[in-house]
Structure formats: structure tokens, C-alpha cells
Amino acid sequence: MFRFIVRRLLQLIPALFGLSILLFIWLHKLPGGPESAILGERGTPEMRAAIRENLGLDEPILVQYGRFMKRMIQLDLGTSIATKREVTTEFLERFPGTVELALTAMIIAIALGIPLGYLAARRRGRFLDHVSVAGSLVGVCVPVFFLAYVLKAIFAENLHLFPSSGRQDPTIDATRVTNFFVLDGLLTREWDAAADALWHLVLPGLALASIPLAIIVRITRASVLEVLGEDYIRTAEAKGLTERMVRNRHVLRNAMLPVSTTIGLLTGSLLSGAVLTETVFAFSGIGAFIADSINQRDYPVLMGFIMIIAVIFVLVNLIVDLSYSLIDPRVRVR
Amino acid sequence: MALLEVEELSVTFRQRGKRTVRAVDGVSFSVDAGEVVGLVGESGCGKSVTSLAIMGLLPRGAGVTVEGRADLDGTNLLRVDRRTMRDIRGRDVAMIFQDPLSSLNPVVPIGRQVTEVLARHRGLTGDAARREAAELLDRVGIPDPTRRLREYPHQLSGGMRQRALIAIAVACRPRLLIADEPTTALDVTIQAQILELLKDLVRDSGTALIMITHDLGVVAGMCDTVNVLYAGRVVETARRRPLFAEPRHPYTVGLLGSIPRLDSSRGERLSPIPGSVRDVLPWADGCAFAPRCSRRTAACVGEPPALVLTHTERTYRCVNPVAPGEARPGAAAQGPAPATTTAGAATDGSPAGEAATTVPPAPREEESA
Chain A
1 MFRFIVRRLL
11 QLIPALFGLS
21 ILLFIWLHKL
31 PGGPESAILG
41 ERGTPEMRAA
51 IRENLGLDEP
61 ILVQYGRFMK
71 RMIQLDLGTS
81 IATKREVTTE
91 FLERFPGTVE
101 LALTAMIIAI
111 ALGIPLGYLA
121 ARRRGRFLDH
131 VSVAGSLVGV
141 CVPVFFLAYV
151 LKAIFAENLH
161 LFPSSGRQDP
171 TIDATRVTNF
181 FVLDGLLTRE
191 WDAAADALWH
201 LVLPGLALAS
211 IPLAIIVRIT
221 RASVLEVLGE
231 DYIRTAEAKG
241 LTERMVRNRH
251 VLRNAMLPVS
261 TTIGLLTGSL
271 LSGAVLTETV
281 FAFSGIGAFI
291 ADSINQRDYP
301 VLMGFIMIIA
311 VIFVLVNLIV
321 DLSYSLIDPR
331 VRVR
Chain B
1 MALLEVEELS
11 VTFRQRGKRT
21 VRAVDGVSFS
31 VDAGEVVGLV
41 GESGCGKSVT
51 SLAIMGLLPR
61 GAGVTVEGRA
71 DLDGTNLLRV
81 DRRTMRDIRG
91 RDVAMIFQDP
101 LSSLNPVVPI
111 GRQVTEVLAR
121 HRGLTGDAAR
131 REAAELLDRV
141 GIPDPTRRLR
151 EYPHQLSGGM
161 RQRALIAIAV
171 ACRPRLLIAD
181 EPTTALDVTI
191 QAQILELLKD
201 LVRDSGTALI
211 MITHDLGVVA
221 GMCDTVNVLY
231 AGRVVETARR
241 RPLFAEPRHP
251 YTVGLLGSIP
261 RLDSSRGERL
271 SPIPGSVRDV
281 LPWADGCAFA
291 PRCSRRTAAC
301 VGEPPALVLT
311 HTERTYRCVN
321 PVAPGEARPG
331 AAAQGPAPAT
341 TTAGAATDGS
351 PAGEAATTVP
361 PAPREEESA
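Chains A and B are the protein sequences, given in the same order. Counted from 1, the first sequence has number 86 at position 86 by my numbering; the numbering is strictly sequential. Counted from 1, the second sequence has number 55 at position 55 by my numbering; the numbering is strictly sequential.
So here's chain B without its partners, still in its complex pose (with noise of 0.2 Å):
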């Protein structure tokens, strides 16, 4: 049985005077036991929404509803109370987050910030505590532990302090980790680095990692499965080699297609996937990819397209997918591909309609990977 199982996960957020926003609509995926699991998509596609959902930090009542389910082995975390979720987060679940500066708190001492954590679940005080968060400093890679305790975050650069946070999330050993974006904020040279520590201390510990990233390049090297969202559903899954050698759905084939690439000839221009994300249909009418996807038809507007079974680990949301093989652009798992065979679906430049009845329809069972 997974570790986490999310059904049909909905946040909907109903402002006075404001459009009702539907950030996430209806997101499954789960987690097993040390998986690395990613959550991939644009800005504002819901998965930082879906990561606060299951943590219970989005805030309560004042038109925030959150429906589904979220089985931390079997304890659905959106509807146990408010004392056993602060039970819950930071033991069992912990969060990595995004700014590592401005998510610490700036007038307390980075060892007070982590002994507090380590006393409310783990019961640890005095020197014990302060020994136990030394060694958790030193284990994710902060030198001269003792002396970085007495210090506050300003004086700490960026990766230290993504790393002090790191620590924070994994002093109590949770069975999960989120991490939403933990390298965005970070210089090219850090990232590794950081990914490099999350990587091992997953390996090491055993912890499931759900990864939010926009960055395929992270997805490459850290995840096992890989969620792809669009517009606050899950429009793909798959194992990772899978969804890089042959994406199947249009949104992913533009995803992987608009990666520079060093390989490209000169002056090849980059294909972003056209439109922006507020160009969306609501699912309830059809998918929501339509409006900018290549290989739209006419299947797509009316009802919102049904999730596509093809393979166990193995699944779609298109009526018209992209046949494996067709696009190529994945090849960042494989190696370097052609550079010609970029994301047919973003280069593309016939109108949708066409190019949909020129792609054999018939999608195929077997992987093919």
C-alpha cells in the first residue's frame, strides 16, 4: 500500500467580489515508502497549492474549501483536527520550502529554530537538543555546526540556509518530505549541491520526497515517478525514463520541447508551448490544454477527458495523445537526440485543427521503453 494516497484532491478559493478560483481540480497520485515523486508543471498550475493542502497550512475557513482525500497511511491529513495535524507536521510529514531566507525567522538563532522542533516532537531539550541539532547541521553538510547554532540566518548564504531548513524538515525523521521549488531560489552551483543532499538523505533515511519542481532538469535527476499537472489536474504519470523517451501528452511533449538545449544548431529558436496559463477551459468542459495544445480536436472541448490507462504507472489525460516515438524530445534521459526532432507539438506551427487529423489517432498499449 502507498505511503500517501491523494484522491481527487480539490482547493477552491472564494473571494468576495472575486472569480471563485479552482487552484487544484481533482489531483490523484501517490507516494510509496522512499519514493521520489514529482509534481511538475507552470506557475500556477496547483502544485504548491496541493503540497499546502496536504500539509494542512493552507489557511482555514474564510473561502478556502478543500475537498478529497489525503491518506497518510490511511489517516486522511484534510480531515483530522487541528491538535492532531500539529501532531502530524513536522514528525510524520515536513516541508522544504521555496526562499530559504524569508522562510526562516530572522530574530531567532538557527539552533533555537532547530531544537524547537527537535523538543515539541521529539521531547529533546537542553543539551541533548543542542547536540542533536549540531549533528543534524553536520549532516547536512553545514561546517562548524556549533558555531552556526548561535548564529542568525542573515549571517548564514543562501545554500547554508537552505540546508538549515533542510534539517529543520528532517530532525524528526519524517516518513514524508515536500519539497516545493527548494532550489529555485539558489545559484546554479548550489542547486546540485542541495539536490545532490536531498538525493542521499532520502537514500539514507528512507523518506519519501515529493518534489515540486517546474524544472525538468531536477525531475531528470531525483524523481522516480513524475506527476505532470496542468491547470490543477494531473495530466501525466509516469515512471521517469517513460515520460522523458516518450511523452505522451501534448502539455508534456511542450514542457520537454521548450528546454534549451546545448546540442541545438545555432540560431534555432527556443519552442516555448504557446499561449499562456490563463488561457484555460474550465475541465468541467472539455480539457483544459485545449486552447493552446497543436493536436487538438474535436473530441476535446465538451467533456473533460478521461484518465488514460495504458500501462501499470502509465497514465494520460488526452483523447488525441502524441503516438510513442512521434516526439522525441525527451532525449535528456537517453541522451542527445536529433535537433530536429523537437516537441512536434510546439514547433508546430500549422494551426491546431490540421495537425490533429494528420497524427494517427490509435494510441498505443505497450510502452515501448
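Isolated chain A, as found in the complex (with noise of 0.2 Å):
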């Protein structure tokens, strides 16, 4: 177990090196650099030079990246150049919102989506299971900044039934603890900001859930088929035992085991998914923020924001895999 946690890690470092080096070439094949964004169409050649040498662009490739690996050793992601301040801070105070947004979207998904796999597949061939199945290929080919503007036009500017951007009312004074608003809300005993941080929650969790809710629909529905022709259920059915009981401990329990791995990967999936939809709603997450520096060109808080998405995705995997052994008892990681 221990030496798996270890080894999974170090496989971290190519993984990580390798990436850093991709993401490296990709930002200076870019047109433009952060000179533009910072003078726009008006500066002249001279300023351009002297922003670039400023932020040491002028040097070879090479050289910055030299740089660029020796602060990463040390931990050290630099400062962005549109903000400022330090990029580790600048991702603080963004990745509770995107988690928030993520785990919303995420409970959205298996809420309705295991029910829903489960009830086509043992309705399968009927109605739900032809609705269910057409849906989920409908969730999964609407893009996604698609239907986060529709969410917004029809439930926020049309009914106003919720928001249509930001994390928080800006007339209520929350009082910060964790940067995590439902969080902060319960822990500090101000009940109306957690309830309208989770109404802010609401329409981009719904968006952002559509691919992940299509996907273990479709997981789900088959993994489920697939156990409900094996003897087991067969002898579970021979004991006489409840639906319920054949259901929860025979059938889920089993159908579960390729849907929690699909999870996994869809939670890492889901923090590069927030970009769109955090930018559509205005919400301040990593999302957004990377979007911004995208169109900056803010070289140092792509690079670390990428990275540490990187890391966390890797990490999210792992535990994955850890919990796998739990549900699993053949598999034991070594």
C-alpha cells in the first residue's frame, strides 16, 4: 500500500517534467505575448522590447525555461504579470470555488445519474431506458458553454429563479474563513450567505454536470446489465432476499465498480471542464481566472495553475484507485 502511494508518486516527476515542457513551447508559440495585452494596439516597438526584456522574454528559450525549472524546485510558481502577486496566492484564493463548483457538479451527476443508469437498465429496452439512453447522448454532444448560456438566459434572466453570475450576493457581508462560501456560511453560523452561495451554485453546477451525469448514465446502465446476468444475482434471487436487498448488496454493489473509476476520472476532468462554465457565470474560480490569462498571456500563472492542476488531477486518480481496494476485495494494491 505504502510502497504503491510512493511509486505512483514519483511517477509524478516524468509526468510532471514532461508536461512542463509541452506547456513551455505551447506559450511561446502563441502570437502576441503578455507585451500586447499589457500596451494593446498603441505601443511601439521600443516599449514592446523593453516590457519583454523586463519580464526576461528576451532571452533564449532555453535560459527561461532554465529559470522556470530552478523556482519550481523550490517551489517557487513566480508572479503573475497582469495581477502582480504571487501566483500560489492567486490560486488560493480561485481553487475553493472551482472545488465547490466541481463537487456540486459532480453530486449532481451521481445523484441522477446512478439512479436513472439503473432504472433503464432493468427497464431496459422500454421507455425510461430509450429516454435515458437518448439523453445521455444529447448531455454528452451539447457543448457545454452551450447549455451554461441557455441555463442562464431561460432560469436567471428569464424566470430569475437563480442568479446569473458571481459566488455570492454582493449585498450580503460574508465573513471569510476558507474562501469555500457554503463552507464559510455553516462555519460561521451566517446561514443566509451559505444558502445564497449554494443558489450561486445551482445553474453552473447543472451545467457543468452534463457531461459527467451523461457519462455515468451510460456507465452505469451497462455495468448494471452486465451484473444482472451473473449467477450471483441468480443465487441472491434463489434466497429469497427483497428487491432492496438484491438490489443494494448484489446488484450496486458490484454495477459500481467501473462507475466509481469513471468518477475519479471525470473529477479531474471537471476542473479543466469548470473553464467554460465559470467563465459564462462570472465565477470566480481557477476557471475564469485562466481564461483571463490566456487572453493576458500571463506566462507564470498558466504554467503554475496547470501544473498544480496537473498534480492535483494525479492525486485524485490515486485516491481513486486507494478506494477501489475498499469496494474491491480481489484487488489489492501492491
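No lab work stands behind these hints: they were computed from the structure. A few of these clues could be false.
Said to hold, decoys possible - Simulated coverage check for chain A against chain B, where a stretch passes if three residues somewhere in it have a Cβ under 8 Å from a Cβ of chain B:
# : stretch
1 : 224 to 235
2 : 248 to 260
3 : 323 to 330
To be verified - Computed spacing ranges between beta-carbons, pair by pair:
# : chain 1 : residue 1 : chain 2 : residue 2 : range
4 : B       : THR84     : A       : ALA111    : 32 to 40 Å
5 : A       : ILE312    : B       : GLU132    : 33 to 41 Å
6 : A       : GLY135    : B       : PRO282    : 44 to 52 Å
7 : B       : ASP263    : A       : LEU326    : 55 to 63 Å
To be verified - Facing chain A, according to a computed beta carbon distance under 10 Å, are these residues of chain B, among others:
#  : residue
8  : THR75
9  : ASP92
10 : VAL117
Even for Gly, the Cβ is constructed at its ideal location relative to N, Cα and C.
Put the two chains together into one complex; each comes in its own frame, and the hints tell you how they fit.
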């Protein structure tokens, strides 16, 4: 177990190294640079050169990369060109928002996806099955930003059921403890702030949940169908167990094995999926900030954020792999 | 009165775009309390489907039609509602399946799989259930039962798993136990142990047992009464000894003749039944076995052969049965037989029609066993 964890963490090092090279090349191939974002159309070539020199962008790419690596090893991600604040500070301030959003989306996707997938499998070939299979196809196909705009237009701007942007109503004076707004509200017993933060999560959460929901429905359905044909389900039925006992202890517990792997992979990808949703809903998380940083060619922020996301992605999947051995006794982590 | 009375049980599978299959076609047999009854036949003869129909485990709807009766103490199991059937399954009728590894839930500890049936039907929970489960495992011969309760199926050997499945089946002391080829997936040495265990359990508890098998050795060792199935119908029913001593139906003769024997001379070939189970005539058009039968006569085709009752507990479905004493392949139950007297029906190389004319047709009414 311990060796497994250490080995997986050591595997992170070459992966991050490779990623950093790819990122570096990609960023420097992007047309323009921070100077264009700062100066816009007005700057003279001299002013541009001065800024580039000031940021160290005039040096050969290998030297720049070497400098970046040296800082990375000291866990220093540098300073944002646009905000002049430390990249780490920017990340810590925005990451809780994205986590809240991703968790909301995941809870929605799991809470709807697993029952829907199960029912579709149980009613195979009937109406509900066709609806959920077709629905999940639509869910995968509709672009997240499009769905986000549609949700926002209907439920926020027309029906005024939900707020259209942000994480918290500016008129609410909430105390900040962890930067997880819902959690802060609960910790400080500012219930209205917590409820308001939760309210702000609904629409972006729904938009972000669409793809994971569709995938979970499909995987659950396929997995349940497979398990229903297994001999041990027949044994469970032969014992005269109630439908509920057969479903919970025998069907679902086995069917959840592939679903849990999928959920792990999806959780990682939600972090990147958040970019579009956060932008549409002006939701201040890492996604919206990354989008801004791309526009402003804020190299240190992009490098730093993407590297951290990569680490988190690997950690989430490590946790999923470890939990897999808890659900399936046949899997022993070595 | 018999504990279980199966009458004219038929199971039909209809699937869109596929041929309608009548897997079980009017099976009738009965099981007395405490009796061991064998259902014997080749793969595809309908023996497993029969047991699943009795257990109510066939998929509902979806083109599956079950007709006939299966009365357990007067209750027709084929007509009770689902909820009542769930109460009966596991409590009054229990089943042991073929492959013990795939029949146990891989992610639930053995103990849980035993205690859940105790909780469901006997209301035992917590420590009481665990104690009873350990006792059950002990009774089926699993050493160190308290430790085994915490283990998962993959940690047990094949024989242990089958013992665990048996423990689950007998947990609520059912009146009827159905064992569907319980030893097929096991090593030969383990097979004997499992059969011995089943025999002991049946004797000690007075549970009736339906033994589904294609292995006549199992039948010889265990069953009181034997039903030979062919193409979804019972073709011969007899007590064990008479069946082995004097099989009357050509198919039974063929089955007995195809057993490899230690005392046969070297170089002698095995005598399989010619053709395959797929060469069947629909029962409505005559005898389903006729296409493979060497004793076929003109009377075999046209209308289904009636069940001939020769004696109490001795019936066969054949218009041209093997006369007693003519074929004696089944000496297994009696002791070694001369190697030359293998089943005439199967070894006889002559065309079927000719063979039939050479045989005295009149079946004798009395049993010589």
C-alpha cells in the first residue's frame, strides 16, 4: 500500500517534467505576448521590447525554461504579470470556488446518474431506457458553454429563479474563513450567506454536470446490465431476498466498481471543464482566471495553474485507485 | 401425498426474430418428502430450465411462457405472486448451483452471504446470525468457520465455495433442495466429498433433494428415483436399481452404454449415442428421440408415444421399448457385467429400421429386478 503510493507519486515527477516542456513550447508559440495585452494596439516597438526585457522574455527559450525549472524545484511559481501577485496566492484564493463548483456538479451527476442508469438497465428496451440513453447522448454532445448560456438565459435572466453570475450576492457581507463560500457560511453560522452561495452554485453546477451525468448514466446502465446476468444475482434471488436487498447488496455493489473508476477520472476532468462554465457565469474560480490569463498571455499563471491542476488530477486518481481496493476485495494494491 | 408434484410443466422461449424454443415440453414427476430424485439427461434436455421454473427464477415476461403445475404441498409455485414466491424461495425450496465461484458474490464476505438469508427468513441478526452462520459452515465441513465468515469467495477453494453455497441453501432447513449439477465444476476427489455431504445432509434433515445431473455415476450413488429427460420430456422414470438393471427406453440404454468402463477390453471403442441433441423431432410429431434411435419403427413417427406404466414407479415413453434382460449395461448398480453386453441400441451398427424388426416387440409387464 505505502509502496504503491510512493511509486505513484514518484511517477508524477517525469509526468510533470514532460508536461512543463510541452506547456513551455505551447505558450511561447502563441502569437503575441504579455506586452500586447499590456499595451494593446498603441505600443511602439521600443516599449514592447522594454517590457519583454523586463519580464526576461528576450532571453533564449532554454534559459527561460531553466529559470522556470529552478523556481519550480523551490516550489516557487513566480508572480502574475497581470495582477503582480504571487501565483500561489492567486491559486489558493480561487481554487476553493472551483472545488465547490466541481463538487456540486459531481453530486448532481452522481445523484441523478446512478439511479437513472440503474432504472434504464432494469427497464431495458422500454420507454425510460430509450429516454435516458438518448438523453445521455444529447448530454455528451451539447457543448458545455452552450448549455451554460441556455440555462443562464432561461432560469436567471428570464425567470429570475437563480442568480446569473458570481459566487455570492455582493449585498451580503459574509465572513471569509476558508474561501469555500458554502462552508464559510456554515462555519460562521451565517446561514443566509451559505444558502446564497449554494444558490449561486445551482446553474453552473447543472451546466458542468451535463457531461459527467451523461457518462455516469451510460456506464451505470451497461454495468448493471452485465451484473444482472451474473450467477450470483441468481443465487441472491434463489435465497428469496427482497428486491431491495438484491439491488443494494448484490447488483449495485458490483455494478459500482467500473462506475467509481469513471467518477474518479471525471472529477479530474471537471477541473478543466470548469473553465467554460466559470467564464459564462463570471464565477471566480481557477477556470475563469485561466481564461483571463490566456488572453493576457500571463505565462507564470498559466504554467503554475496547469502544473498544479496536473498534480491534483494525479492525486484524485490515486485516491480513486486506493478506494477501489476498499470496494473490491479482489484488488490488492501492491 | 408427494411433497412436490410437477405436472405437464412446459417452458417456451419466444424471441423476436428467433425460432420459438420449447425447452421443457410437458415434464411430470413427483418428489416425496425426504426422497432423492434425479433428473438426468444430456445438455439442453431441459433439466436446468425445469428447476429454474420450479424456483420461479426464469426471467418474467420477455417471451418466456411457463405452463403446467408445480405443487409444493398443494401450493402451485408457478401461480403464486412474486412476493409470496420470495418468501418461499430460500425458506421452503432452496437451490445449489453449478459453478460455485460465479454463484457467490465476489465483493461480499461469505459470512454476510450466509447471514442475509438467515435474517430474511428466520429473523436472525447480529451475533445470533453470526453464530448460526458459523455453525452452518461447520456442519458443511468448512474448518475454522469463524475466520472463513470474514473471507471473500476468491479466498476459498472450489470445494469450500461449494460447501458455502450448500450452507446457504440449507440455512433455513428447506423441505426441498434442488441441486443443479453441483459437482460439475469441481475436481473428482472433491466431487465425491460434496456428494457425500449432500447425502448426509439429506439423511439427517429429511430434506427432499432434486439432483440434476448428466452424470450417471452421481445418480447411481445418490438417487432413490430417477427421471430420464430427453428433449424437454421425461422419457423414463424408475427406482434407481431397476433403471440400471433393466433400462427400458432406448435413450436410457444409450446413456448407460456410453459410460466408459474399466472392465471393458482394451481397444474397445466407447459407444456414444449417434447423432446429437439437435436432431429432434417435435414431440407433437412422434418420439423426439426417433431420429437417433436404432429401434425406430414406423409407429414411432406420427403421434407422440404415450407414457407406459408397467409397474408402480416405473414408466417409460416408448412404443418399442428394450425388453428386460436384453440390454444390461447398467450393471454398475449390480456389479461388473460382461464387456460384450453393452447397450445394443448404441453399438448396433445395423440400420435402425432393421434392428427394430429383429426385436420381440411385446414389453413385459412385470419387473424382474
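Hint check:
1. 224 to 235: Per the Cβ count (5), the hint holds.
2. 248 to 260: It holds: at least three residues are needed, and the stretch 248 to 260 of chain A offers 5 whose Cβ sits within less than 8 Å of chain B.
3. 323 to 330: With 4 residues in contact (Cβ-Cβ under 8 Å with chain B), the coverage given for the stretch 323 to 330 of chain A holds.
4. B:THR84 to A:ALA111: 32 to 40 Å: Given range 32 to 40 Å: holds, Cβ gap about 34 Å.
5. A:ILE312 to B:GLU132: 33 to 41 Å: Given about 49 Å between the Cβ atoms, the range is violated.
6. A:GLY135 to B:PRO282: 44 to 52 Å: Holds, at about 46 Å.
7. B:ASP263 to A:LEU326: 55 to 63 Å: 57 Å, holds
8. THR75: 14 Å, violated
9. ASP92: With Cβ-Cβ at 9 Å, under 10 Å, it holds.
10. VAL117: 4 Å, holds
Hint check: violations occur at hints 5, 8; the rest are consistent with the structure.
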